[in-house]
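Protein chains in written order, with numbering that gives the first Met the number 0: chain A, 0 to 149; chain B, 0 to 599.
Calculated directly from the structure, the hints in this document are not laboratory data.
Each hint should be verified, as a subset may be incorrect.
Claimed, not checked - In silico contact screen, one side only, chain A against chain B (beta carbon under 7 Å); selected entries:
no. : residue
1   : Phe68
2   : Gln102
3   : Asp112
4   : Ala113
5   : Ala116
6   : Pro119
7   : Ser124
8   : Pro129
9   : Gln130
What the hints assert, rightly or not - Among the chain B residues that face chain A by a calculated CB cut under 10 Å, a handful are:
no. : residue
10  : Glu83
11  : Pro160
12  : Ser180
13  : Leu184
14  : Asn187
15  : Asn257
16  : Lys264
Bear in mind the structure is a predicted one, so any value in this text is a computation, not a measurement.
For glycine and all other residues, C-beta sits at the position ideal for the given N, C-alpha and C.
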Amino acid sequence: MTATVRSARSHAAPAGREHEMAAPAARPQLRVVEGGRVSGGIVGGFHKAITWTKTRSTPLLHVVFAVVFLIAVLLGSLALRTQMVQNSFEASQVQSNISKLTQDVDDDQAKLDALEASLPEKAQSMGMIPQQGSISIDLSGYQATGGQSQ
Amino acid sequence: MITMVRNISRWFKANRFMGKCTVIGVLLAFVAVACLGQLASVQLLNGKSTAQAATASRTKTVTISAKRGKILDTNGAVLAQSVERYNVVADPELAQTFIPTDCTEKTAGNCQQIDGQPVGTTGAAAVARLLAPILGMDAKELGALLSGTGQYVVLKKEVTPEVMRSIDDLGLNGCVYGELSSERLYSNGTLMGALLGGVNDEGEGVAGIEQMQNAVLTGTDGYKKYERGGEGVEIPGTVTESKDAVDGSDVELTIDANVDWYVKKVLSDAKEQYKADWAIAVVQDVQNGQILALEDTDQYEAGSDDAKLNTSRAVSQTFEPGSIGKVFSMAGMLQSGAHQLTDQFTVPGTITKNGQTFKDATQHGDEHWTLAGILEQSSNVGMVMAGENFSNEQRYEFLSKFGIGQDGLGLPGESDGVLTSAASWDGRTQNTVLFGQGYATNALQVTNAIATIANKGVKQQQSIIKSVTDANGHTEDAKTGEPTRVIDEQVASQMMNAMESSAEHYSKFAGVDGYRVAAKSGTAEVAGSDGRLTSIISDWSGIIPADNPRFVVTVVMKDPQGSYGGLTSGPVFKQISEFLMQKYEVPASTPRTDAIAVTW
Chain A
0 MTATVRSARS HAAPAGREHE MAAPAARPQL RVVEGGRVSG GIVGGFHKAI TWTKTRSTPL
60 LHVVFAVVFL IAVLLGSLAL RTQMVQNSFE ASQVQSNISK LTQDVDDDQA KLDALEASLP
120 EKAQSMGMIP QQGSISIDLS GYQATGGQSQ
Chain B
0 MITMVRNISR WFKANRFMGK CTVIGVLLAF VAVACLGQLA SVQLLNGKST AQAATASRTK
60 TVTISAKRGK ILDTNGAVLA QSVERYNVVA DPELAQTFIP TDCTEKTAGN CQQIDGQPVG
120 TTGAAAVARL LAPILGMDAK ELGALLSGTG QYVVLKKEVT PEVMRSIDDL GLNGCVYGEL
180 SSERLYSNGT LMGALLGGVN DEGEGVAGIE QMQNAVLTGT DGYKKYERGG EGVEIPGTVT
240 ESKDAVDGSD VELTIDANVD WYVKKVLSDA KEQYKADWAI AVVQDVQNGQ ILALEDTDQY
300 EAGSDDAKLN TSRAVSQTFE PGSIGKVFSM AGMLQSGAHQ LTDQFTVPGT ITKNGQTFKD
360 ATQHGDEHWT LAGILEQSSN VGMVMAGENF SNEQRYEFLS KFGIGQDGLG LPGESDGVLT
420 SAASWDGRTQ NTVLFGQGYA TNALQVTNAI ATIANKGVKQ QQSIIKSVTD ANGHTEDAKT
480 GEPTRVIDEQ VASQMMNAME SSAEHYSKFA GVDGYRVAAK SGTAEVAGSD GRLTSIISDW
540 SGIIPADNPR FVVTVVMKDP QGSYGGLTSG PVFKQISEFL MQKYEVPAST PRTDAIAVTW
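Same shape as in the complex, but just chain B:
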């Protein structure tokens, strides 16, 4: 052993250079072995977990937003739709380090300039100057936002993709980027403003039809799991998991935007002409209960804060219908057998009952009117006289059956009105209900009650949603309640006859050339802003054509100059009806030959 060491030592002394090389070689071999060991440790022993950690660090799950469904009118015209927008977001800390690149031949396509001139500054100011003309904002305002601390500030919301692309083209080194969002666009401005309602920042319906149909309109978000490159872009072919977004369903309304536009125009003109506080109109298809137009004079832009905070006056405004209510009571009298339209009455100008005095709108002596004549003359006294054989319970029953004080379309903020039970009526109310006072209703309820008579005594369930079409194009008609018979067909026919006589009373103001009209006007005193009975509701609800009912049009105005419904709301009905007859090419009426006598 000692000999061997001596030999090696001797060899080293003899080969000094070789010895050094050998030592270094051995050291390098150790290093190589260590590296190999580490490599084996990383690749073989911990390889799997390391690879997983690396993949996880660059894997991202991105939500694919579903598009909210459209709201369409009955002809497919778009009333509301969602489009993609971007929120422009900046990283102020990065923006403050931005140095623009002057444009030369070499830097063409990757440089910044303003109107062909160098930016002239650096940092946040440079970014602000470049962005200002594209975003349409003040450069100083942008500069202030970009000079703040932190790494996230929203510069502008809901910019168009076109604008976002212009920002991308600036080459701002990632200090300004876009976050995908959406904007709800309403094509028709103030048309059906509060009725359509609006959505909040999260895209959820918070008012009107947007709220009512939110579940249907809202889609289901999808997602995509993929690996990202250095700048956050997707590495193609690395998608490991994904689920497509399912867009929300489109909702088709029964509303005809053309009719609605005209109704709104006529109402606005009438409001100005008669100096009314507001006006409401409803157009309903008699045969299926579908609402063709639902408008008022409020000028709320759909989707605006006003539209979200307010409810369509057509469904929220309640009022005493006034003399239109006589139609419902009289139909009840006929149906219950209490009277016939030909029953004869001697009607004085006033009558006292239960210690309460009732009078007609105009003073008159004793008049010889039939029951049809009482409706034609709109006599309160006559109704009180005819109500002798018509019990309070029957009065309540028929008002309820006609839909007064009952559920309507189910729109958010919709008011059902007030119809208290017969037992709670005092001595005056139990008679005022005969001529449309003492209870509150809305324009929709009045319209459907009149449509019940037009539809041969059968009350249709009103609807404003026609159908729903899902993302796959499958269309499903909206479900409506079963029709219910309120009065017999013959009774309905008689009421049509009486209402036609009533309409002829105002034919000079509300008649429609070529068409027979069955209608009833109403005028009721209601509480004004001072809480006293200082305001007037003037309304009119008519069926056209009377010989083959197609539409019911109801017009309600508050405090119009001219007061009487037949003189204010009647002419508005006439204008709307003329438009309807033209648009739907309704054949002209045949002459009336079966009028029931109104006097005796």
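With the rest of the complex left out, here is chain A:
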């Protein structure tokens, strides 16, 4: 059974009596709207859902936004988590490199310290000897000559 639903909608604003009397309002054109009560099945269910989303409290846009938002949040969370793990691996790698470099620096520093400590020994083996005795100049009673320094 098919039922045709007619609907007429006036776009005219409620008019005052003066206006009504001055010019009779043009009657809006009536047209046939197909659908309305659709036959059952999947298509009917979908139409019902669409109709339901068109109600003022649950518009389709809201639902779409909500779904998109949820998906975005899920994907974002996944992406952030992936990035975080990746960064953690990188940080771990960097930390490992720092440890290696620290070990190398410590090792080289120890070698340098040993070399510095052996400097006097090396100097001695090269024939260098520490200064023996002191050299002092007694300037008491010294008087500068009149000549100017060149």
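For this one, chain A is given, so just place chain B on it according to the hints.
This is chain B only, laid out in the frame that chain A set:
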């Protein structure tokens, strides 16, 4: 009911295939329900405990080792420090299953070869061949270790991180790995060997300064709790608990490594020159009591077993100071008012007291010496004569006040010497103590006693630890005891005068050009290896410059050829002092004008 069963039966007969499908479907449904039930049981009912068990199985708490602090000299030069090392450990059972991968284009970077050639064998032998050149060990020796039973064998200890990385690069599938350890490195070899001491396998100080300052040098280990992956590596972002390790504090000594090196060199040369058994030298800063050098002729590598088993001779070797002891007794005589330096004595070559005969080192007739002259001539007889008004108790009191037989630096193995009470002295000892015999002391005590006179009669607490710097860089100066006055400033000044005359007596051997020196030599007979008085201790302790004391240098030698302290240890003092004057750019002395008469 019966009708319904008949209907079903009839339906089954009519739809045989459908019936079978339905039965199978029902069975599968049962299985699915069972799985769902189990899933619910695991995930919902026991989920928490299962998750905890799983986390616990892969969670590990690892100790983060704190680094032991450094030992530095007064200029910040590193004397001892710890570096990270690895103990190379193998799993023999795993090594025996090792099959090397030949190097091809496809396996490049994950294969094994030796000098571009295939390994040529498998199992423990292959691992041994690959490791041998890296560890610098014999492949057969390694092979024997790897062919044993069990899952743990240490192949080599304390290898460098560089070597460990080379082993890691071999790709031995985890059958060889490294355990983090540390090694204590000493930069200066035998310099201050026994004084620095060493650490044991656990890194604890067991000798010398390493032991004395162990609590300060040792840090506090931290830990980290994290989840591990399949190969035991940390899963990033899984650290649940951690505490940072706090490294040990650095200890800065008062020792100047440059001075110490020179002192050691001079001592070693002198030991050879004078054919001495050993020699010791101490250099002390007069103004603050800090030890700048503390050396002997022992050649112990710091950190070696010898260094751990022996104590620095400079603090452990006790001896009778001989005539240097006259300085302490004479200072006591002046302080107690028993005598003045100008008091006149007629000193014979020998004297008998309490039935005991005392004589001087050289034979002489009656000499007209003042008390200053008695010190200058180092006359035992003169000291016995001057001791008439100086009681035994006073003799003991002043020796104690000067630090003889008292506590020193607190180094492990340090000997305080022996100074028995006056009541226990026999008839000979109560007089021999006047000229440095009958008690035992060490080089440090002699040095500080002489430094007391140089420091205008005030005895500083000797120190060898200058400061401690913690891991946060906060530096705290080491605490030292309060200075104590032993003799009056005027008495100290007089003793300086007398000691300067004494030093001039040996100026040809121990004089330092440009600088005035106040010093006293000593020579004492001590027990030799046969237990009889067959050995000689020759020593010298001097203050330089005498007009503005900066340093006290004490040199002690055993059995040197030349015997007399002024002729053997004196020249060593001269060499060390010349170096000190140069290094610290000490202004030259003004001429001496106030010498107290030594004869009359």
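Verification of the supplied hints:
no.	hint	in the structure
1	Phe68	violated (27 Å)
2	Gln102	holds (4 Å)
3	Asp112	holds (4 Å)
4	Ala113	holds (5 Å)
5	Ala116	holds (4 Å)
6	Pro119	holds (5 Å)
7	Ser124	violated (12 Å)
8	Pro129	holds (6 Å)
9	Gln130	holds (5 Å)
10	Glu83	holds (5 Å)
11	Pro160	holds (4 Å)
12	Ser180	violated (12 Å)
13	Leu184	holds (5 Å)
14	Asn187	holds (4 Å)
15	Asn257	holds (7 Å)
16	Lys264	holds (7 Å)
Checked against the numbered hints listed earlier, the structure breaks hints 1, 7, 12; every other hint is satisfied.
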